[in-house]
Structures are given as C-alpha cells and as structure tokens.
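Kindly generate the complete structure, drawing on both the sequences and the hints.
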Amino acid sequence: MKDVAVKKKLDLILSLCKKNFQKVDEHLIKKAFYFSFDVHKNQLRKSGDVFFNHPYQVAKIITDEIPLDDISVAAALMHDVIEESNHEIDRDSIKEEFGDTIADIVNGLTKIKDILEGYEIKQAENYRKLFIAVANDIRVILIKFADRLHNMRTLEFHSQEKKIRISQETMELYVPLAHLFGLAKIKWELEDIAFKYLYADEYDELARRISQKRKERESYIKNFIQPIETHLKIKGYKFSVYGRPKNLFSIYQKMKMQNKQIDDINDIFAVRIVLDSDEISNCYAVYSEIVNSVYQAVPGTFKDYIATKKRNNYQSLHTVVFGDDGKKIEVQIRTKVMHEVAEKGIAAHWRYKGISAIGDEEMQEWINSTREIIENLNNVPLNQVVESIKQQLYQREIYIFTPKGELKILPYGSTPIDFAFSVHTDVGMHCIGAKVNGKILPLDTKLQTGDQVEILTSKNQTPSLDWERIVITSRAKQRIRKFFHDNEKKLSDEGKEIFEKYVKRNKIKLSEDIFQLLIKEFHFHSQSQFYSAIAEKKIEIENVILVLEKYTTNKDETIVISNEKNYFANFVDVARKIVSEISFFGDIKGIKYSFANCCHPIPGDEIVGFVTVGEGIKIHRKKCKNILVLSQESQNRIVSVEWPNEKNKYFPAAIKVNGNDRSGIVYDLSNTIYSSKTLNIRSINIDAKDGFFEGLIVLDVVDKTHLNSIVESIKKIKGVKFAKRFEEI
Numbered sequence: 001m002k003d004v005a006v007k008k009k010l011d012l013i014l015s016l017c018k019k020n021f022q023k024v025d026e027h028l029i030k031k032a033f034y035f036s037f038d039v040h041k042n043q044l045r046k047s048g049d050v051f052f053n054h055p056y057q058v059a060k061i062i063t064d065e066i067p068l069d070d071i072s073v074a075a076a077l078m079h080d081v082i083e084e085s086n087h088e089i090d091r092d093s094i095k096e097e098f099g100d101t102i103a104d105i106v107n108g109l110t111k112i113k114d115i116l117e118g119y120e121i122k123q124a125e126n127y128r129k130l131f132i133a134v135a136n137d138i139r140v141i142l143i144k145f146a147d148r149l150h151n152m153r154t155l156e157f158h159s160q161e162k163k164i165r166i167s168q169e170t171m172e173l174y175v176p177l178a179h180l181f182g183l184a185k186i187k188w189e190l191e192d193i194a195f196k197y198l199y200a201d202e203y204d205e206l207a208r209r210i211s212q213k214r215k216e217r218e219s220y221i222k223n224f225i226q227p228i229e230t231h232l233k234i235k236g237y238k239f240s241v242y243g244r245p246k247n248l249f250s251i252y253q254k255m256k257m258q259n260k261q262i263d264d265i266n267d268i269f270a271v272r273i274v275l276d277s278d279e280i281s282n283c284y285a286v287y288s289e290i291v292n293s294v295y296q297a298v299p300g301t302f303k304d305y306i307a308t309k310k311r312n313n314y315q316s317l318h319t320v321v322f323g324d325d326g327k328k329i330e331v332q333i334r335t336k337v338m339h340e341v342a343e344k345g346i347a348a349h350w351r352y353k354g355i356s357a358i359g360d361e362e363m364q365e366w367i368n369s370t371r372e373i374i375e376n377l378n379n380v381p382l383n384q385v386v387e388s389i390k391q392q393l394y395q396r397e398i399y400i401f402t403p404k405g406e407l408k409i410l411p412y413g414s415t416p417i418d419f420a421f422s423v424h425t426d427v428g429m430h431c432i433g434a435k436v437n438g439k440i441l442p443l444d445t446k447l448q449t450g451d452q453v454e455i456l457t458s459k460n461q462t463p464s465l466d467w468e469r470i471v472i473t474s475r476a477k478q479r480i481r482k483f484f485h486d487n488e489k490k491l492s493d494e495g496k497e498i499f500e501k502y503v504k505r506n507k508i509k510l511s512e513d514i515f516q517l518l519i520k521e522f523h524f525h526s527q528s529q530f531y532s533a534i535a536e537k538k539i540e541i542e543n544v545i546l547v548l549e550k551y552t553t554n555k556d557e558t559i560v561i562s563n564e565k566n567y568f569a570n571f572v573d574v575a576r577k578i579v580s581e582i583s584f585f586g587d588i589k590g591i592k593y594s595f596a597n598c599c600h601p602i603p604g605d606e607i608v609g610f611v612t613v614g615e616g617i618k619i620h621r622k623k624c625k626n627i628l629v630l631s632q633e634s635q636n637r638i639v640s641v642e643w644p645n646e647k648n649k650y651f652p653a654a655i656k657v658n659g660n661d662r663s664g665i666v667y668d669l670s671n672t673i674y675s676s677k678t679l680n681i682r683s684i685n686i687d688a689k690d691g692f693f694e695g696l697i698v699l700d701v702v703d704k705t706h707l708n709s710i711v712e713s714i715k716k717i718k719g720v721k722f723a724k725r726f727e728e729i
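My numbering applies: residue 1 is where the sequence shown begins, and numbers increase by one.
Since the hints were derived computationally from the structure, they do not count as laboratory data. Be careful, since some hints might not be right.
Below, in silico cross-link-like pairs of lysine-lysine (DSS-like), each with a Cα-Cα straight-line distance of 30 Å or less [what the hints assert, rightly or not]:
id	residue 1	residue 2
1	Lys-504	Lys-256
2	Lys-23	Lys-46
3	Lys-233	Lys-196
4	Lys-254	Lys-303
5	Lys-233	Lys-303
6	Lys-538	Lys-482
7	Lys-310	Lys-254
8	Lys-538	Lys-592
9	Lys-30	Lys-95
10	Lys-446	Lys-504
11	Lys-656	Lys-623
12	Lys-327	Lys-309
13	Lys-19	Lys-9
14	Lys-303	Lys-520
15	Lys-196	Lys-185
16	Lys-256	Lys-213
17	Lys-185	Lys-18
18	Lys-537	Lys-489
19	Lys-185	Lys-336
20	Lys-233	Lys-260
21	Lys-46	Lys-162
22	Lys-520	Lys-538
23	Lys-256	Lys-327
Derived CB-CB ranges, DEER-like [what the hints assert, rightly or not]:
id	residue 1	residue 2	range
24	Lys-18	Tyr-412	43 to 51 Å
25	Glu-397	Gln-253	15 to 23 Å
26	Asp-92	Glu-497	12 to 20 Å
27	Asp-25	Leu-407	36 to 44 Å
28	Lys-715	Thr-425	57 to 65 Å
29	Asn-506	Ser-634	52 to 60 Å
30	Lys-256	Lys-8	40 to 48 Å
31	Arg-662	Lys-592	17 to 25 Å
32	Arg-208	Leu-465	53 to 61 Å
33	Lys-459	Gly-438	21 to 29 Å
34	Gly-438	Thr-462	53 to 61 Å
Note that the structure is predicted; figures quoted are calculated from it, not measured. C-beta atoms are modelled at their ideal positions from N, C-alpha and C, and glycine is treated no differently.
Written out as structure tokens, the structure reads:
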C-alpha cells in the first residue's frame with residue numbers, strides 16, 4: 001500500500017488539474033505519478049530532499065503556474081526518468097507504457113538538457129537543436145522552464161560557484177526566452193532569484209528599502225485605486241483592479257539606467273484593470289472613463305498594445321496618470337484573456353484553446369519568432385551568440401502600414417525591403433522602389449512607426465548583392481541568400497556541364513590536383529565560382545583548355561601537381577623514382593644504400609658512397625661538406641658510385657621560381673619551358689599569397705647547358721623576380 005503522504009501529493013496534483021484544465025485523464029496522471037515515484041524512490045538530491053519531490057514540483061508548476069494539459073503533467077512527472085535514474089529506461093520503454101507523444105516529450109527534454117546547461121548553449125548549432133525541439137512540441141521548452149524554475153527555487157543548497165554559474169546561465173538564456181514566450185511571471189521570478197545570487201549586496205539593500213516603505217506604498221495604491229473602482233462600478237463594468245509592484249531586478253535596472261535612487265523612481269507600482277469581458281472595445285471605453293473622469297493623463301504616455309500587440313503577443317492599453325499628490329502612476333487595461341496571455345504567454349494557448357483571441361495562428365507566430373532568431377545566428381561568432389539572441393529578443397519594434405491599412409510589426413531599423421518581404425516573398429524579390437508616406441525614397445531608408453509604405457515592383461527585378469547588407473530581418477536575409485545560392489548553383493551546374501564536355505572532347509585526363517591548381521590559376525576560391533564564371537563567360541573555356549593542354553605531355557596522361565610545401569623533398573622524391581638502381585664500383589648492383597639528408601644528391605650530381613655501420617652505404621654529393629670531412633678521417637670507407645646510364649639521355653632537374661602573382665603566370669611558365677625543347681614537365685608546385693608567388697618546377701633536361709637556357713628564358717617572363725636551379729635546401 002502506498003504511503004499516505006505520497007497519496008496526498010497525488011490528490012493535490014489531480015485537484016489542480018481539475019481546477020485548471022478543461023479535461024483530465026486521471027488514469028494517465030496516476031500512472032505517470034507512480035511510474036516516476038518508483039523509479040526515483042531510492043534517490044536523494046544534493047539538498048538531502050527525496051529526488052521524486054523535484055519532478056513532482058515541476059508537475060505542480062505545469063498544473064498551476066504554467067497550466068498546459070494532462071499530457072504535459074505526465075511528461076513533467078517523468079522528465080528525469082531516462083537520465084537521472086538507476087533504471088535502464090529509454091524512449092521505447094516510455095512509449096510502450098505511455099505512447100508516442102509523451103515518449104517524444106520526455107526524450108526531447110533529455111536531449112535538450114545538455115544544450116541548455118553547462119554553457120554549451122554558446123554553440124550556435126545547439127540553438128538550432130533547441131529550435132527543432134521547440135518546433136516538434138512547444139511543451140518541451142515549457143516543461144523545461146518549469147524545471148529551471150524549481151531548480152532556481154532550491155538553488156540555496158548548491159555551492160557558491162554553482163549558484164553563480166546557474167544564475168548567470170538563467171539570466172543569459174532562460175530570462176530572454178521566457179520573454180519571447182510571454183511567460184512574464186516566470187521571467188520576473190527567474191530574474192529576481194538570479195539577481196539575489198549574482199548581486200547579493202545590491203539585492204539585499206534594495207529588498208530592505210522596499211520592505212521599509214511597503215505599507216506606505218500599499219496604502220497609497222489602495223487610496224489611488226478607490227476612485228477608479230467606484231466610478232467603473234457606477235458605469236456597470238465587471239472587473240478586478242489591483243496594484244502590482246515591479247520585480248526587484250527591473251527596479252534595479254531602472255535605477256542604474258536613470259542613475260536614480262529608489263525614492264526617485266515613480267513607477268515602482270503599476271495598477272492593472274482586468275475586465276471580465278471579451279469585448280476589446282470595453283478596454284478603450286474604460287480608458288476614456290479614467291482619463292476624462294477620474295485622473296488626468298500625462299501627455300504622450302498612452303500606448304496601444306491591443307491594436308499593435310507585441311512580438312510575444314502581449315496586449316494591453318498603457319497610460320500614465322497624475323495621482324492626487326502629483327505622483328505618476330502607470331495604469332494598464334486589458335481583458336481576462338489578454339491578462340492570461342500577458343502573464344502565461346504561450347502556455348495560455350492550452351487554457352483558452354478554441355477562443356478566437358488566441359489560437360493556432362498565434363502559436364505559429366511564436367514558433368516563427370523562434371525560428372527567425374535561430375536562423376539569424378548564421379555567421380555570428382560563437383562568443384557573440386548569446387548577446388546576439390538577447391539583442392533580437394529585446395529588439396525595439398516599429399509599426400508600419402500597407403496602403404490598405406494592414407499593420408506590419410518590424411524590428412527597429414527596418415527598411416522598405418524588409419517591409420516588402422514581410423508582405424510576401426514575391427513582393428520582396430521583385431521590389432524596385434518604395435513610396436513612404438506618398439514619397440519615393442531609397443530602399444535603404446530606415447522606416448519609422450506610423451509610416452505607410454507602398455512597394456513598387458517589376459517582374460524583371462531580382463535582388464541585388466547589396467540588399468543583404470541593407471536588410472535587418474532574418475526573413476529578408478534568408479530569402480535573399482537563398483536566391484543567390486540557388487542562382488549560383490544553377491550557373492555552376494551549367495558551367496560544369498560546359499567544362500566537362502570540352503575536357504572530354506579534347507581527351508584530357510584531369511586529376512584533382514590539376515583541377516585545384518586550375519581554380520587557383522584563375523583566382524577563384526571554389527569549384528562553384530569557377531564553373532559559374534564559365535557559364536557567365538567571365539573566362540573563356542578555350543583559354544581554360546589551352547592551359548590544361550600545356551600541363552599535359554600527351555592527352556592520355558595526367559600531370560601530378562604536388563601541393564606539398566617542402567619543394568625540394570618533392571623534387572628528390574620524383575627525381576629518384578625515375579632512375580634505375582645505382583651502380584657501385586663500376587657495375588655492381590643490389591647493394592643496400594640510402595641517400596644522405598645532409599646534401600640530398602639527385603641524378604646529374606657527382607656522387608660518392610660512404611660505408612656506414614648497420615645502414616649500408618650512404619650516398620652523398622662529392623661537394624658535400626660532411627663527406628669531405630669523412631673522407632679525411634675514414635678514406636678506406638669511401639666507395640665509387642654512379643647514376644645509371646639512362647637510354648633517353650635526359651635527367652630531372654628542379655627550378656625554383658618566384659615573383660609577382662598574376663592571372664596566367666602558370667600558363668606563361670609552362671609555355672616558356674615547352675618552347676625550350678623540353679619534352680616533359682614532371683611537376684609544378686606554385687603557392688600564391690598576398691600578390692606574391694613562389695614554387696618549384698621539376699622537368700627533364702639534356703644537360704646543365706639546357707637547364708641554364710631554360711632558367712634564363714623564365715627570368716624574362718613578366719612578373720618573375722627570381723629563377724635558379726634548386727640544388728639544396
């Protein structure tokens with residue numbers, strides 16, 4: 001039999017569900033409750049508290065403070081069973097007991113845990129993963145908010161270092177996201193708890209000062225409210241009115257921004273009037289009653305967030321009025337549904353599902369807002385990711401109208417192009433100009449609240465390259481980027497087809513090394529750019545093929561162009577591979593030998609051998625400094641060696657070259673060498689940087705005279721500064 005205390009917890013959860021949800025599957029709640037209890041029953045938290053109390057408290061938050069539905073409560077009760085238990089539980093085992101939906105939510109909560117904790121959130125890719133979880137089921141992130149809220153409420157049991165880390169993380173991530181999802185009450189509490197641990201002295205002093213004058217302020221607000229209540233009751237309105245003190249952190253921020261003490265801050269309290277009505281017109285009527293019959297309005301303070309709701313779907317009328325003693329008090333007027341949305345944000349969707357004031361369209365707006373923020377992280381440096389998100393979440397908004405009076409809400413700093421894309425993608429893609437308040441203005445004009453904008457279009461217009469620099473909305477940026485990406489891909493495909501046809505027609509066998517050098521030769525950074533240039537005829541395909549033909553000794557062979565930076569090592573490797581075995585003592589072969597690293601002998605050099613202990617014979621150049629010393633000390637260990645007599649009477653040589661980089665330099669080098677009666681270029685390695693190139697050419701020559709004549713011809717090429725036989729490192 002289950003413990004009585006445990007039974008009381010279950011009864012409380014069920015009673016809260018019945019109170020706040022339209023329908024409740026009691027069997028589902030009981031089953032999830034006992035499943036979680038059994039899994040966690042032998043676990044304790046660091047505070048010494050029974051571990052099950054944590055998922056239980058998270059579920060309570062989901063039933064009362066962020067009321068969602070019975071599925072969410074079941075998922076909240078089990079949100080830690082996969083990762084924080086000694087049992088082998090996975091998504092499939094939860095699916096067997098509770099079905100796909102709950103299994104996906106619990107699994108999603110497990111996956112985003114590492115994303116949202118431990119500062120891994122600073123990775124932009126993790127934000128994209130977070131969006132995927134949000135898009136799949138918004139309840140995943142909302143249960144995570146409840147989880148974080150309970151963890152913050154029990155933060156006192158952690159070390160000081162962890163308190164600071166978790167509080168900082170909460171301020172940087174959870175607070176802005178709570179703002180996005182409209183969870184005002186959750187946001188305020190998270191802010192105040194984090195404030196308490198991040199700025200303990202400031203928090204304590206502010207809390208003490210507010211507490212000292214709490215009764216005085218409460219009395220003032222009560223007296224302020226009384227005339228409003230009396231007047232509205234006479235007029236027959238059904239409503240509730242109360243004063244709400246602002247949370248400590250918002251007061252602290254205001255004091256810092258305005259450089260004022262708490263006694264100098266006028267709007268510590270705001271008075272809210274919540275109408276028991278769904279008629280939006282009643283909000284405006286009540287506003288008129290107050291400012292005309294009860295209190296005088298402060299000029300310029302009226303804000304209509306009903307007609308122009310905020311990005312997170314917040315709606316209310318705001319105004320500031322003078323009290324009897326001249327103090328300024330903010331008054332907010334809203335309906336019950338607006339109030340529910342203002343405090344519980346997206347979570348109110350479940351409570352009021354079916355009511356026209358908030359439905360699936362609003363839900364999609366929230367998801368789209370999240371998507372835009374995530375997509376706007378492209379190319380943001382990792383150390384700026386969090387700051388970028390906070391800027392977008394708290395971005396000021398402007399309200400722009402179409403010629404027909406339709407309202408568009410855009411970020412502060414938006415341009416007519418941003419507006420055009422907000423109307424429709426096709427309007428943005430074909431935008432050629434804009435009339436702002438009847439006047440034609442440039443497309444980079446910064447729009448202002450109240451502007452009426454008419455977009456001028458043309459079927460022949462397409463986005464310009466500088467549009468991405470002008471626009472600030474992620475929607476416009478993404479559409480513009482996609483246009484150029486798609487256009488480049490189309491051109492790239494066309495250019496690739498042209499290139500491959502010509503290569504095949506000319507029977508050129510193309511290696512990847514040659515192709516990369518070719519791209520570099522024509523100063524492109526990618527294959528797609530190279531292909532696009534061919535399609536747009538920025539480079540002639542005939543010139544490309546001509547360069548390739550010059551690289552190739554015959555059309556059935558491929559030149560290997562090395563990309564290694566150790567030029568001499570490449571040459572040595574190539575040179576040694578093309579000769580047969582070295583002869584010793586005139587005609588003896590098959591003796592173990594290796595080449596000395598001190599002088600790197602190559603075919604054509606005069607060489608000698610030195611008999612070593614255990615490593616066979618080391619081959620040195622005759623002019624090597626080391627061999628000169630060794631020959632004096634151990635004359636009897638010097639042996640006669642020679643390169644083989646090759647039938648073609650050619651031997652490889654290397655030429656080091658450098659100079660000013662320019663288009664066509666490789667073509668000119670290869671053309672000059674072939675003009676010097678060289679039968680074969682064995683490799684070319686060219687590196688270019690900051691307008692300067694250097695490289696190594698390995699080729700076959702008849703003798704040193706032939707080599708020297710080629711070097712002199714290379715020196716005459718435009719841009720070449722240096723050319724010499726490469727003999728040593």
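Hints, verified against the model:
no., hint, verdict
1, Lys-504 - Lys-256, "violated (72 Å)"
2, Lys-23 - Lys-46, "violated (36 Å)"
3, Lys-233 - Lys-196, "violated (41 Å)"
4, Lys-254 - Lys-303, "holds (19 Å)"
5, Lys-233 - Lys-303, "holds (24 Å)"
6, Lys-538 - Lys-482, "holds (23 Å)"
7, Lys-310 - Lys-254, "holds (21 Å)"
8, Lys-538 - Lys-592, "violated (56 Å)"
9, Lys-30 - Lys-95, "holds (17 Å)"
10, Lys-446 - Lys-504, "violated (53 Å)"
11, Lys-656 - Lys-623, "holds (21 Å)"
12, Lys-327 - Lys-309, "holds (28 Å)"
13, Lys-19 - Lys-9, "holds (15 Å)"
14, Lys-303 - Lys-520, "violated (59 Å)"
15, Lys-196 - Lys-185, "holds (17 Å)"
16, Lys-256 - Lys-213, "holds (20 Å)"
17, Lys-185 - Lys-18, "holds (22 Å)"
18, Lys-537 - Lys-489, "holds (16 Å)"
19, Lys-185 - Lys-336, "holds (16 Å)"
20, Lys-233 - Lys-260, "violated (38 Å)"
21, Lys-46 - Lys-162, "holds (12 Å)"
22, Lys-520 - Lys-538, "holds (15 Å)"
23, Lys-256 - Lys-327, "holds (21 Å)"
24, Lys-18 - Tyr-412: 43 to 51 Å, "holds (45 Å)"
25, Glu-397 - Gln-253: 15 to 23 Å, "holds (20 Å)"
26, Asp-92 - Glu-497: 12 to 20 Å, "violated (48 Å)"
27, Asp-25 - Leu-407: 36 to 44 Å, "holds (41 Å)"
28, Lys-715 - Thr-425: 57 to 65 Å, "holds (59 Å)"
29, Asn-506 - Ser-634: 52 to 60 Å, "holds (58 Å)"
30, Lys-256 - Lys-8: 40 to 48 Å, "holds (46 Å)"
31, Arg-662 - Lys-592: 17 to 25 Å, "violated (48 Å)"
32, Arg-208 - Leu-465: 53 to 61 Å, "holds (59 Å)"
33, Lys-459 - Gly-438: 21 to 29 Å, "holds (24 Å)"
34, Gly-438 - Thr-462: 53 to 61 Å, "violated (27 Å)"
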